[in-house]
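Residue numbers (the numbering used here), protein chains in the order written: chain A, 1 to 339; chain B, 340 to 622.
Quick caveat, the hints were computed from the structure, so don't treat them as lab data. Relax, there's no trap hidden among the hints.
Distance ranges between label pairs, derived from CB positions:
{"id": "1", "chain 1": "A", "residue 1": "L4", "chain 2": "B", "residue 2": "L362", "range": "52 to 62 Å"}
{"id": "2", "chain 1": "B", "residue 1": "R508", "chain 2": "A", "residue 2": "L123", "range": "33 to 43 Å"}
{"id": "3", "chain 1": "A", "residue 1": "V165", "chain 2": "B", "residue 2": "A445", "range": "56 to 66 Å"}
{"id": "4", "chain 1": "B", "residue 1": "F481", "chain 2": "A", "residue 2": "V176", "range": "40 to 50 Å"}
{"id": "5", "chain 1": "A", "residue 1": "V22", "chain 2": "B", "residue 2": "R524", "range": "32 to 42 Å"}
{"id": "6", "chain 1": "B", "residue 1": "S566", "chain 2": "A", "residue 2": "A50", "range": "32 to 42 Å"}
{"id": "7", "chain 1": "A", "residue 1": "V9", "chain 2": "B", "residue 2": "A501", "range": "23 to 33 Å"}
{"id": "8", "chain 1": "B", "residue 1": "A391", "chain 2": "A", "residue 2": "F138", "range": "25 to 35 Å"}
{"id": "9", "chain 1": "A", "residue 1": "V9", "chain 2": "B", "residue 2": "A445", "range": "28 to 38 Å"}
C-beta: ideal position from N, C-alpha, C; glycine also.
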Amino acid sequence: MLQLIGGIVLRRLVGAVPVMLVVSIVVFIVLRMLPADPIGMMLPPNATAADAAALRAAFGLDKPLPEQYGLWLAGALHGDLGISIHFHERVVGLIAAALPATVELALAALVLAVAIGIPGGLLLHAVRSRQGAIAANFAVSALLSVPSFLWAILLIVLFGVTFPVLPFTGRVSGGVALPGWTGFALIDTLAAGHLRDFLDAAEHLLLPALALALGFAPLVMRVLRSSLMDAAAEDYVTTARLRGVSEGRILVHHMLKNAALPTVTLIGVQFGFLFGGTLLVELIYSFPGLGNLMVQAVRDHDLPLLQGVAVVFCAAVLLANTLVDALYVVLNPRLRRAR
Amino acid sequence: MPIRAAFVSPQVRAGAAVVGLVLIVAVLAPWLAPNDPQNQDLLATLLPPAWAPGGDAHYPLGTDSLGRCVLSRTLYGARIALIVAVAAACGAALAGSALALLAGYAGGLIDRSISRTVDAWMAFPPVVLSLLLMVGLGTGVFNVVLSIVLVDWTRFCRVVRAEVLVVRRRDYVTAARLLGFSHLRIVLREVLPGVMPLIITLVSLEMGIAVIVEATLSFVGLSVPASAVAWGMMIADARSYMHEAVWGMIAPVVAIFITVLGFNVLGEGLRRSLDARLNNARL
Chain A
1 MLQLIGGIVL RRLVGAVPVM LVVSIVVFIV LRMLPADPIG MMLPPNATAA DAAALRAAFG
61 LDKPLPEQYG LWLAGALHGD LGISIHFHER VVGLIAAALP ATVELALAAL VLAVAIGIPG
121 GLLLHAVRSR QGAIAANFAV SALLSVPSFL WAILLIVLFG VTFPVLPFTG RVSGGVALPG
181 WTGFALIDTL AAGHLRDFLD AAEHLLLPAL ALALGFAPLV MRVLRSSLMD AAAEDYVTTA
241 RLRGVSEGRI LVHHMLKNAA LPTVTLIGVQ FGFLFGGTLL VELIYSFPGL GNLMVQAVRD
301 HDLPLLQGVA VVFCAAVLLA NTLVDALYVV LNPRLRRAR
Chain B
340 MPIRAAFVSP QVRAGAAVVG LVLIVAVLAP WLAPNDPQNQ DLLATLLPPA WAPGGDAHYP
400 LGTDSLGRCV LSRTLYGARI ALIVAVAAAC GAALAGSALA LLAGYAGGLI DRSISRTVDA
460 WMAFPPVVLS LLLMVGLGTG VFNVVLSIVL VDWTRFCRVV RAEVLVVRRR DYVTAARLLG
520 FSHLRIVLRE VLPGVMPLII TLVSLEMGIA VIVEATLSFV GLSVPASAVA WGMMIADARS
580 YMHEAVWGMI APVVAIFITV LGFNVLGEGL RRSLDARLNN ARL
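With the hints as extra help, turn the sequences into a complete structure.
And the structure:
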């Protein structure tokens, strides 16, 4: 079993290599179309043309495009994504500092989305009457029409301004220092035994994670409902019913197990959507993660940083897809025998 | 005509009605809006709605931090939203479907290279790619449309290609081949009509997505110039003053919600009724 999963993960990771190459080339080309000159923005107003040329050479922007890409790729393979134009720091360091916040946010959102989506899907499945079904369809359509960035704003209006019960800026309150071992606020504070800081970090995480989850949960609800509908028509459900198995047991032991597969697939396919959604939510909640870093890089026309963040975003999505594929095999015994 | 028959469905009618309403607002904005959306009344900034204490009947939904009428700006915002939605969805449909027809019909190396490109493209979180493209292209309505097309053509390509593979094997396509019709004629006259219901459904859903993407980009300040009125921009402006005046933020959020809901209900309704009809036809 472990060997099988290892094989799948390995195969998927090898398959991801050409995709990452294409991704990095696309990022590279797109960023070279830039109408503004990032170097011009860095220079003091009294700089000469020679200063500009020197700076351009320092960042390697004077070389022909293929050579620039080659240099960048060679560096990237050695774990060096260049120096940020704006921060004058290594891009890898900036990303490493921001990435755990985004991953923590995305994972928390995923947990919340499943916690909302699965009961929601079961509730939709329980709706039997025609009018009920129409109302349920409308409710799902309505929920699907609110993207997480609008949820982010609505939640701030509701729980931050109208009923100010939850914090909505940053990862922790001012004055709380994160130990910074793993970069995950929840794990670090707990490991340090600072229960109050842990609660503080959890409070700060709640609204942004909920905003992302509310954008994602309706998708989970819808797919779970339709796969439950498919499962209900299967012979094994009728057989179980004829054997006198209780409806609750049929639902949990027979239908849910099979309906879980399409739901897991959906989560895998849509994880990029969730992970990308962190970008705006982080911006709105001033959450110091990858998304905020990217928006900052966009505003500063910071090419090396932008390039690095975009590539890391894609790599994270590919990695998540790989893990979901492995999970899929764990959940689906039929795939195990086929290989 | 299955498309006309789809209008019997209440869901399609409801969606079309909402979309039609937004369209009317967009077209008639100069007559409906009580004020000029750019007019600044610096003596009346951050006013609450007319019904709240301190409100002014002249500004039904209050004013923003520069004293501009929130209602007028919300009404005018429908223009950019709909222009981007229609243009981007049609562009993405055209590009994605053309490549899907090519890939699905030709097969072989062409199919493999197009499918691989789609796979690589989908590794990008959509927001990340559209931000990158806006940085590369620069701001402006046309560039917003172009960047949505360049991000979302894959949605059409992937789904339509799968359908082309099914339609291609139908008997009437084989018959057309046996009759010696040219490939172009077969693709345009035999295969394309078969996948058209799917494309129409996807276009409607894509319009909703495009409204959200435009709002997102204008929220970040990468969409239209500041002289235009966009819902995302209104939200971004109002965010700094939400403790004083929450309405400036609620109005564009509601506008986005209604517009996207209209497109989603329409798209879902089309999917259901067109699918059912296809299923009946197959029986």
